Each structure stands twice: as C-alpha cells, then as structure tokens.
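Peer 1: Chains H and P, in that order, are what the protein sequence lines are. Residue 147 in this note's numbering is what sits at position 147 of the first sequence, and the numbering runs on without skipping anything. Quick note, this note's numbering runs 409 ahead of the 1-based positions in the second sequence.
Some hints could be false.
Some chain P residues near chain H, calculated using beta-carbon distances under 8 Å [claimed, not checked]: (1) Q443; (2) G496; (3) G552; (4) N601; (5) N676; (6) G723.
In silico DSS-like cross-links for lysine-lysine, where the CA-CA straight-line distance does not exceed 30 Å [to be verified]: (7) K567/P with K341/H; (8) K291/H with K409/H; (9) K584/P with K254/H; (10) K319/H with K584/P.
Covered stretches of chain P, as calculated for chain H (at least 3 residues, CB under 8 Å) [said to hold, decoys possible]: (11) 431–440; (12) 568–582; (13) 708–721.
Calculated directly from the structure, the hints in this document are not laboratory data. Treat the numbers as computed from the prediction; the structure is a model and nothing was measured. The beta carbon of each residue, even a glycine, is placed where N, CA and C say it ideally should be.
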Amino acid sequence: MHRRMTTGALAVTMAAVLALSACSSKDDSDSDSGTSTSAGTSSGLMIAPLAQIDTSGNEVEAAAESDALSPAGDGKATCDPTTIAMAGALTGADAALGINIRNGAQLAVDEHNSANPDCTITLKTYDTEGDPQKATQVAPQIVNNKDVVGLIGPAFSGETKATGGIFSQAGLVSVTASATNPALTDNGWKTFFRGLANDDVQGPAVAKYLTGTAGKEKVCVVKDDTEYGAGLAKAVIASLGDASIKSCEGDVKKGERDFSAIISTITGAEPDAVFYAGYYSEAAPLAEQLKRADSSITFVSGDGANDPQFTALAGSSAKGALLTCPCGPAPDKFKEAYESKFKQAPGVYSVEAYDLATILMKGIAEGKTTRADLLAFVKDYQGSGLAREYSWTSTGELKSSLIWVYEVK
Amino acid sequence: MIAYSLAESTSVVASTIGFDLGALRDGFWTLTIQGLAYGSIYALVAVGYTLVYGVLRLINFAHSEVFMLGMFGQYIGLMLLGFRPQGDVWSEGTLMTIAYLLLAGLIGMAVSGTTAVGLEFVAYRPLRKRNAKPLAFLITAIGMSFVLQEFVHYVLPKVPTDPRLGGSSPQPAIKLVQPTEQFTVFGASVTNVILIIVIAAIGLAVGVDFLINRTRLGRGIRSVAQDPEAALLMGVSRERIIMVTFLIGGLLAGAAALLYTLHVPSNVVYYGGFILGIKAFCAAVLGGIGNVRGALLGGLLLGVMENYGSVVFGNQWKDVVAFALLILVLMFRPTGILGEKLGKARV
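So that you can see chain P by itself, here it is in the shape it has in the complex:
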C-alpha cells in the first residue's frame, strides 16, 4: 500500500516537474526583461524590510500589508479621480494619464506611509517601552499582518462605496495604461509599462541610496543602526529615526504598489501583498538584510531568477525556485550577497 502510493506520488512529481532548457534559451530576453520588472518591485518593497531590520533588528512581517494597503490606496485614489473599474483600458492621453497616475500614486504612498508609521506607533513602540523580547516583536508583526488583512477582508466592505472595496474577491481592475511595445531588446519586446516600472524603480532606488548614504538624516539612520546608545549620546533621537525609517519603507511600498498594479491590475485584494511580501523579504535576505543596496540587488536577482526557473521547471514551481535560490545563497554566504552592511561599523 505504502509502496504503491510512493510509486504513484513519484510519477506525479515526474509528470509535474519539467526540465526544459530549450524554453529558457528561446525566451531568455523576454524572461529577463519581465523578471527585471518584477525584481524592481521586489526591490522597492525589500528596502522597507531591510531598513527596519537595520534599525530595530525587527523583521516587520506586516510590511507586506503596508504594500497591500498601498494598492488599495492608489485604487481609492483612482476612484476619487473619477475612474471606475471596467474591462477595457481608459484612454486619457499620455499627459493626463501620467498626471492621474502620479496623483493616485501619491495617495497610495500616503496610505502606506501612514500605515507603516501607524503600525510602529500602535504595535511596536509600546513593546519597546516595555523592553519586550525580539520574539514578542515578531509575533506582533505577524499578528498585525493578520489584523490588516482581515480589516480589508471584513471591515472595509462595510463602508458604503461604489464599487465596494475589500471583501474576499479582488477589486475589478481599473486599467490606465495599455501595455504597448516601445522597442525590442534582442527580439524581446519592452512595453511602456515595463519601462515605467524599471525607470521609476531605479529613480527611487538611487534616491534612497543617496538619502541613506549622503544626507544628515541617512547618517542618523546609519548611526542608530550601528550603535543606538552612541547615537543617542551624539544627540540623535532614536524614536524619531525609527519613525522616519518606517515612513521611508512605507512610502517605497506605496510606490511599488502603484507600479505593481500597472503591471498586474487585477490583484488588488486583501491577500495580494502576502506572497509578494515574502518574496521581497527573501530578496532583502538574499542581498544581505540591513543593507539597502543588497535589498535592491537581491530584488532584481530574485525577479529574474524565478522567471527563468518558472520556464525551466514549469510555472507552478516559480515560488519554489525563489525560495530554493535563497537557501542556496544562504548556504554559501550566510549574511547574503553583500553582507549586513547597515549595521556594521565599516560603512
């Protein structure tokens, strides 16, 4: 009986896992470009994980819900601007579309920024005041993640809006940009959506890197990450730095949410941030958690590699490839590709 079911499950695995290098060769550039688009989004979310970890040694698992609320934020923004869901793309002309997107993106960023800071205020600060153990923070983070998800799942639908927000099904999509090919790279088409995502993400990444490494505020963040007590003696307000750190992470998650919904408009739903958040966390660990450049690199790498993996082994293995990659890298470089820089003295 056992032998039978073993044999059967082996055949199941054999029939569901493929190994198709030809598909990788044929679609290499398309996959790379698509992967970079995804990777940019992972990277932006990963920065939120990495900054908070650097400063607090806390893995803020509720960050995926900050991202999710950012998606709802920009959706609400578009509704406030008069857009309603429809099957087809709204055509408003290039300039107006950009203006609308910027506005919706700002609303999304405001929502996720407020959520992140509010989270720190409501959930983590009281714990710090009581000198709670790291595990208490982690459990709280996971708990808050559920609170925010279930808020969108059960409470938000009670608000009378048209159409209703939240609930168990994804919001019907509001599409503003029709993906159209702009140019090709080695035969792989690059659409306007991918172009927007990659350019915006690079811009934001450079901005964050500058903020952390070249500004007074960034120095404050780095100093708190390295040695909170010494930073306090030097007149750096730890509480303020922590708040700013959550804010930066939240704003980036909001921006990532807008870019993500441009690419995948029909996934605005309460569980929509969950897997993406875990991937972004993986990206942060992959690059070296606590390290901003590491998070950016990890995000891009993860996005591209999981896309390759999804054609080589089959699409259903996409997430497995991402996590397997993480484990592989951590086996050889336990602190991630670039190491845990933010917390170390050598900056």
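Extracted from the complex, chain H is given alone in its bound form:
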C-alpha cells in the first residue's frame, strides 16, 4: 500500500513537473525589464552603424540629417490644442521598448511646442503592457477619445494584429515605429502605416549583404525556438542559397547558455560566418563561445541581438560582430537632445518614433486636425526624416524598405 502511494505520488509529481517545465520557458524572452542589469560598460564596445542596405544587399546612402523634417517647422503654425496618442508597453517586462518609443515621440512633441506657441500638441500615452489582450481593452479608449486625431503605435506585432481593425474602423491613423510582422499589412486596414522595414526585408537583405559586400562563402544559420527566430532563419537560409551549409544548421532553445554541441558541428563545417536568428540573451554567450572555438568566424545576427546588452554580456568577444536592424541609427544631435531630456541613451526605435510624431504634427500644423484629414495627409505624405525616406504604399508598407547593418567596434 505504502509503495503504491509512493509510486502514485511520483507519477503525480512527474506530471506536475512536466507541466511546470512547459510553462517555465515563456519567461525569458522579455529579458530587459529594466529591473536589474546595468552590465559593465568597461569593454568600451559600441554598436556602430556600418551601412544601409536594400533587399539585394546593396549599400544605399543614408538620408542626410539636414534634409530631415524638423518638428519645429517654421514656428508659425497655428492650430487649436490637439492630441496625438501613443500606445505600447510602458510597464511590464517589455517596457524598455515602449519607453524608447514614447520618449522619441515626446521629444518631437516638445520641440514642436516650444517652437510653435500658437499650436500646442499633447502626447497622450496609453499603456498596453505589450499584451494583445490589454491592447484590445485600451484601443476603444483611444478611439472614443475624440481629441485624439492620430496614433503612434501599437508597438508590438501581436497587439497591432489584435487592434488594427478597431483603428481602421474608427478611421484613426496609426503609424507604428516597431511592429515588424510582415502579415500585418495583409489585413486590409485603411489606417495602418509601418514606419520601418518588415521582417521579410531583413532576412534577404542580410543574406545578400553577407554573400555580396561582405564576401562570405559559407554560412551556418543557427536559430532559436521563437517565432521570430524561425521566420528570420527561414528567410536568411532561402536567400543565402548555396552559401548556407545544411550540415551545420543549429537549433538553440531559449534560455540555453552552453552551446558546445552546436559549436563543435559549426567548427567542423569551417564556415566564414554564423548567422544567429534570435535574441541577445542567447546571442551573447553563443558569440563568446564561438569566438573562443574559432576566432576567424564572423558572428552575424538580426535586430533581436541589436541591443547594448549584447556587447555588455559578450564583452570583447562581441568585437567584429555584425548586427542588422530595420531601425536607423540615432544622429548625434538627436542623441544629445534625447540624453539631456531623458538621462539615458536613445534606444532602438526612438528615432522612428520621433520621425513619425513629426509627420503627424506637420499634418496638424497644416490644419489637418480631424482624423479623416490627418489620415489623408499621412497617406500621401512623402518626405525624409532622421532615419529614412517616408512614403507609403496603399497597404501601409514603406515604399523603400531598407535595413541597417551595424558593426560592434
């Protein structure tokens, strides 16, 4: 009897444990919650912009900063007090990204207001915590606030997918600075505009850049088990063609930190480069262990690893790594203004948010203070911002989608 009870208990616990282990893995993608890590900066490494490339991997000259539309305008704008909204994660695990966007937009709004005393624009923020379900509760609030004429956001692809229909129905123009899932523009929404290239652009662009400009002939593609990693890896492998070596493709589990098995297969294949599709928390130890095993292999990764945390965690082994991102680099003047205002460096997508807020405010300054007018204005807009040229196709994609390549120096 006793024995049977123990066995039963064993079975129950094993089942419980398996169930627990199944849910435990969800917790790590959101790593930069801002709670803890301010890792050592003693390595002095930085992620420096190298080149802007198109989908064929060819370099494209960056937009000149002087041509960029400035939020200040001519300083003579007059309008009734108007509100634009920003929606994204401002608290919770992914808050860092939302805050980057809010700050970028806030900076533009403040610059506009101080230059145009007769046209005061308010930025009203809505916190979605990056959660699609929260976002569907927040979206009606935004729509029902009649003062809001335009929206920056939602920030993430998931919440955008969940709320795009609501904004489209309300005719509220929504420009996103960060949602990159390619399928978002297939929904037939009338009001959605993406301020940067989508994920389908990044893969082919970086693959063509590696085999073209960077002259790599053998590349191993390693991916993690997230949707992002799988999608990006698939695109990269397809565009690499023969340069992608099948035998050294590897799979990493989110949360894994020791890659000795993968690295032994990689070094066996003797590639010129390894492309990792995943986030910085795995990319950093992978880059470090790869460097130790064979320092001649270039480590390449996408926007998931394009974070200061990558260099902080990997230290000097990050040197020479290539990181791509649809996000543009922050020009010096912008950086200074941002740092003095928010006491932190601009993050990924701050520049995009600044540009998009500027576009909305230009419309308002021109008297487009109803939702319908502002939507029409954005639809036909064409002009350059700090990061790039903005003008959209009928579905809301940028007409010219470009990717930035960064190098860790």
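Once you have looked at the hints, place chain P on chain H.
Peer 2: Chain P alone, transformed into the frame defined by chain H:
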C-alpha cells in the same frame, strides 16, 4: 482540414528532428568530455534528492531552488569580494583566482545549505509533526519551489545593491576563469574549467560516499533510512539526522552551483535551477533513488547521453533525450540501474 494539418505537422516533425550519426562519430570525444562535465554537476545535485528521499521518502522538489540560490550565493560572494559583472574575464592570477573561487564557493554553499535546512524547518517539519500524507509533502515541496523562485524574481530586486540582484533577467556574468585548453583526449580539448569541474565533483562524490558508508554519521543516516523506529530505539535522533541530510544535500548543491557557473556564467537567474533540478532528479531515479552511488552514476550517464542525443537528433531534442532515456531504463529496471540501496537492509 484535419488531414491537412496532420500532414503539415508531420512535415514539421520531419524537418525538425534529425538523425545524424556522422556528427556523433566526428564529435564523440568532445561530446563525451562536455557531457561528463555536465554529468558531474547533475550528480552532485542528484545526491541531494537521493539522500532526502532515502531518509524521508520525500522528493524534495524545492532542491532545484536550493541549487539556484547557491548560484546567487556565489555571485553575491564574488560581489562581496569586489568583483563586478563585465563582459570579459577578470584576470587575477591562478592562485588568487583559486582563493576567490573557494571563498565564493563557500558563501554559495553556506547559502544553499542554510536554505535546505531552513526549508526542512519551515516547510517539512511542521508537516511531519502533524503526520501529513506523502502527497501533502510533495505539494509543499512544489509550493516551496515557487516561493523561492518568486522570492528571487520579485523580492530580491527590491534590495538596493549594485548591480541589482534577481528580477526577470539573468545576472550579467562575472567570469573568473577563461576556459583554455589544457590537453587533448583523442583530439577533444579538455579545458581548465572542465578539469576543475570533474576533479572537484569526483572529490566531493568520494567524500560523500565515504561519509555515508564509513562514518558514524553515515551509519545514522543509513539506519534512519532503513528503519526509523529501530534507529530511534538504538538512540539515533531522527530529527537530527534529517537536518544533517538536508544540510549535506544543500552543501553539495552549493558546490555544484559554483561549478555550474564556472562553466555557464550567464545563467544566474530565478528559473536557472529548474530544468537542471529536474534533470538531476532524473539522474537520481536513473541510478536508483535513495542510492548515493546510483545518483552519481545516473548523473554522469545522463550528462553524456543527452549530449550524444543532442547531436544525433538535433540540439532542441536534448531534454527529450534525457527524459526518454529515463523512461527506457525504468521500463527494464523499475528501481533504477543500481536499485534503491539506501533504504534496503542489504547495505
């Protein structure tokens, strides 16, 4: 529709599960050596599961959190010694590095030893006093595991330290030892880190085995495991033995935590002990739960086999291989490879 999704998922499985014996042949010795390093760590943690099971018939699922707190313990130890996280390895010279590691390891062991004993005091002893059913113990163990995890997740970050401890992201690594090749075995490089891990683990394992089988204290533990009432009649204090058992398990988990962070410095995080703990528990069952030598053997075996499996089937199947191995062994030897020795009369 169903047929379609079935067909699709079959192709998904076919494209994600590989079968590559060539990779196993090419990397055999590297994988073996890496596996032994992991296996040593599993083995040390597994002893904690097995001892407590032997004495209490309790699977202490909070043991993985004892290990996790050991990682934080040695991290705090290194911070107290003046180290701060940085991307590169601190170079302090061999002797000083060893001294620092020993000190940090002792702090880690103290933290995990205290946690283990505290756990027994706070969670299990009151249950024993009330003659609770075995299932109540198990649920309590799982509950305590969550308590300790969430403590590190939510409470620890409130403590003003620099850098902050705990929270949802891993601690930025403090690296003391640069893995460098010492010699090669059949072309596979053996680094100083692996050497330290294996040697330290073997030393500790021999020590524990000696403690259990050759000392008065060990006799006490074995006697309580075999027959608590007879042991009590012979003048063995059961409560004291239980406390010592938790302490030994905790100390070993602390040592394992130090060795693990030497190998994988960037996984000091609240969920960092979870999977490793389950693996160590598997190792204990594999070798025969309640059996110290079985736990050691099970740990090494599991570490090596899952490494082989990860190249044969693909890295994402690593954990699956470990659990499948457990099921296979239990099908043919339900009491594990060496049997449940500690609790049996034939010692």
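Peer 1: Now tell me, hint by hint, if it's right for this structure.
Peer 2: Results for each hint:
A cut of 8 Å between beta carbons decides the hint on Q443/P: the least distance to chain H is about 5 Å, and the hint holds. Look at G496/P: its Cβ gets to within about 2 Å of chain H, closer than 8 Å, so that hint holds up. Taking 8 Å as the C-beta contact cut-off toward chain H, the hint placing G552/P at the interface is violated, the least distance being around 11 Å. With 8 Å as the threshold, the beta carbon of N601/P stays out of range of chain H, its nearest partner Cβ sitting at about 12 Å, so the hint is violated.
At its closest, the beta carbon of N676/P sits 4 Å from a beta carbon of chain H; the interface hint therefore holds under the 8 Å criterion. Because the beta carbon of G723/P sits about 6 Å from the nearest beta carbon in chain H, less than 8 Å, this interface hint is met. Restraint check: the Cα-Cα separation between K567/P and K341/H comes to about 27 Å, which is no more than 30 Å; the hinted pair holds. With a CA separation close to 15 Å, the supplied pair K291/H and K409/H stays within the 30 Å bound.
Proximity of K584/P to K254/H is assessed by CA-CA distance (about 22 Å); at most 30 Å being required, the pair is judged to hold. For the hint pairing K319/H with K584/P, the CA-to-CA distance comes to about 18 Å; that is within 30 Å, so the pair holds. Under the rule that three or more residues need a Cβ within less than 8 Å of chain H, the assignment of the segment 431–440 of chain P holds, with 5 such residues. Only residues whose C-beta sits within less than 8 Å of a C-beta in chain H count toward coverage, and the segment 568–582 of chain P has 11 of them, enough to reach three; the restraint holds.
Remark: the segment 708–721 of chain P is confirmed as covered by chain H, as 3 of its residues place a Cβ nearer than 8 Å to a Cβ of that chain, reaching the required three.
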